[in-house]
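Student: Whole structure, please, built from the sequences with the hints as guidance.
Residue numbers for the sequence shown, in our numbering: 1 to 94.
No wet-lab data here; the hints were simulated from the structure.
Note that this is a predicted model, so its numbers are computed, not measured.
Among the clues, some could well be false.
Claimed, not checked - Below, simulated EDC-like cross-link-like pairs (lysine to aspartate or glutamate); rule was C-alpha separation at most 20 Å, straight line:
| hint | residue 1 | residue 2 |
| --- | --- | --- |
| 1 | LYS43 | ASP58 |
| 2 | LYS29 | GLU64 |
| 3 | LYS81 | ASP5 |
| 4 | LYS43 | GLU33 |
| 5 | LYS51 | GLU68 |
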Amino acid sequence: MDIFDTITEALRNVHDGKNLEDVSNLYSKLYAENNQMVDMIEKTLAGEDLKVFHHLCDNFSYREVAAEDIYYNQGFSDAMKLIFQSILWSPIRR
1 MDIFDTITEA LRNVHDGKNL EDVSNLYSKL YAENNQMVDM IEKTLAGEDL
51 KVFHHLCDNF SYREVAAEDI YYNQGFSDAM KLIFQSILWS PIRR
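Tutor: Here you go:
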């Protein structure tokens, strides 16, 4: 694990244990709506269709988690570059 991964993991650990429902009213509202929709669909589907639906939901969640990791890492990388450029900046004479 390189220094970038170590720092990123440490920053993520700061947020562990916090429920997003307690932090964001919008997230809490959307979470509740999502659960209601899932309940409605589960009552409608049966058998293999229900398995496909659950697989689709899992796949979507995994995709979003992967995207979140990419965005977080890119944002962290961009922030570090900006910090280093600011520290090392010197006027250029042209």
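Student: Within 20 Å, alpha carbon to alpha carbon, are LYS51 and GLU68?
Tutor: 26 Å, violated
Student: Has the given pair, LYS81 with ASP5, been kept, meaning a C-alpha gap of at most 20 Å?
Tutor: 15 Å, holds
Student: So if I understand the rule, the pair passes when the alpha-carbon distance is 20 Å or less; does LYS43 with GLU33 pass?
Tutor: Holds, because 16 Å separates the two Cα atoms, which is no more than 20 Å.
Student: Checking one constraint from the list: CA of LYS29 to CA of GLU64, max 20 Å. Satisfied?
Tutor: Judged against 20 Å, a Cα distance of about 19 Å means the pair holds.
Student: Assess, step by step, whether the Cα of LYS43 is no farther than 20 Å from the Cα of ASP58, and give holds or violated.
Tutor: Judged against 20 Å, a Cα distance of about 18 Å means the pair holds.
In terms of the numbered hints stated before, the structure departs from hint 5 and from no other.
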